[in-house]
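S.K.: In order, the protein sequence lines correspond to chains F and E. Reminder that position 13 of the first sequence reads as 55 in our numbering, one-by-one numbering, no gaps. Reminder that position 271 of the second sequence reads as 272 in our numbering, one-by-one numbering, no gaps.
The set of hints was computed from the structure by calculation and includes no laboratory data. Just so you know, even glycine gets a beta-carbon here, dropped at the ideal spot from N, CA and C. Errors might be hidden in some of the hints.
[Claimed, not checked] Pairwise CB distance ranges, derived in the manner of DEER restraints: (1) F:Gln136 x E:Pro282: 31 to 41 Å; (2) F:Asp77 x E:Gly24: 17 to 27 Å; (3) E:Leu341 x F:Arg92: 45 to 55 Å; (4) E:Asp361 x F:Thr55: 17 to 27 Å; (5) F:Glu154 x E:Gly355: 44 to 54 Å.
[As the list claims (entries may be wrong)] The calculated BS3-like cross-link candidates involving lysine-lysine, where the alpha carbons are at most 25 Å apart (straight line), are: (6) E:Lys304 x F:Lys130; (7) E:Lys304 x F:Lys93; (8) E:Lys304 x E:Lys321.
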Amino acid sequence: MSNIPNTLKYTKTHEWVQSNQDGTVTVGISDHAQDLLGDVVYVELPRAGRKAKAGEACAVVESVKAASDIYCPISGEIIEANGALSDKPELVNQDAYGQAWMFRIKPADPAELNQLLDAAAYAAFIAAEAH
Amino acid sequence: MGHITPLYNEHLAAGAKIVDFAGWDMPIHYGSQLEEHHQVRRDAGMFDVSHMTIVDLRGAGVRAFLHRLIANNVDKLKPQQALYTCMLNEQGGVIDDLIVYFMTENWFRIVVNAATREKDLAWIKKQVAAFDVTVTERPDLAMIAVQGPKARERVCEVLDPTLREQAAQLKPFYAAYDVQGRAVAKGSTNVAGGRMPGATSGDIFIGRTGYTGEDGFEILLPGKDAAAMWRALLGKGVKPAGLGARDTLRLEAGMNLYGTDMDETITPLECGLEWTVAWEPATRDFIGRAALERQKNAGVKRKLVGLVLSGKGVLRNHLKVRVSGIGAGETTSGGYSPTLGKAIALARVPAATGTSCEVDIRGKWVPATVVKPPFVRNGRAVVVL
């Protein structure tokens, strides 16, 4: 069973989203997603300053198996990307919700966060996807 | 659910992630493809390759039949020796690649791919009509490939002393077996005697062959005995490796994968396999020969090379390649090389290609170095990075 922390929100494309106290959000991929991908060997991250719309592909995770787009969960400006993943892409497998965060966004419209799935809804979604 | 091998429950017990492969439910990995890859390069790993198709060709006409059927020449073989070859169509295209073992004068054994089983058998049966040869598939046999620098040592540990001696002395591309199809060593088939794990009914075959660029053995044995052999090897520290690691290992070893690096539209001359075509004697009229000769005389326009990506990123199958001033090509199979820590690929490019090219990765042209495969041999990088 995948690890799905209650404190985060999720997308149907398997990103997790954490709301920070300063109004920004941090984005990564779920434990379920990293398990599906297998060993991650390269992560291509967005540049800080890039403006992205919700649903737009803005990063790529390459596992030994395949390349997968990572989508921006909400619209806004990318303010920071996690450079540690350039040297240690395997962090995505080891610590998907912690050290393997991918980028931070300053939301254009914080109300978009309400559209995301909570942990229970995400768990139900991946259970349904498996069948 | 697809076909399963006699080792299916062993895979589940080992925590395998199962995927469909050509209609078979097979382990892609048991947790980490990278760890399994390194395990094979540094120690020993084992693969269940029971889904591959084993076919025995028997009869007085078998040598003559193989002279016609395959592009390499079985006359090169001594008894117990194996040969890698392609089976071609009339246009010189590769129907499949296979290994043929010289068992006895009237008996050769071939091992072909799983994904091509039906068309291979149909082709063989069509071609065999004019020869005194019987074609017998061996779905009763399981096949375990044990590969890695410690593979021989570990396999020998589980064998009866007589069989161990024979296995330890096998030269690369030779096999040990009994000509009646029983175990190699008489009296080695008694599990209770602790001699040959899994060997309860004979028909044991040990070939020093593989698909990883490492030393190792491929063990063929009755399916019902396979789990005992698997467990005995596990007990000696040989870890299971899945199809994922098998693919990264074979790519590093520069070996073609059927359906990806070659197919019926590609001749051996275009995929780096001219060395498997036996041109001599000129009188041997194998299927596809005339087409290959025409292509050779006209000049082969494409070649298969290795690519190493200079920067970061991963190469994949069928990416566009461009060679400045020369032309275009494509990667045929690409991936991440765990041993080199770089992206590598096999690519089909214009014959005049030199030492560099560019690859289209998601719309960006990225420089790559052109090298001669293999990339890795016996655990070490053999390309200059």
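S.K.: May I ask which of the numbered hints given earlier this structure violates, with the numbers listed in increasing order?
M.R.: 1, 3, 6 and 7
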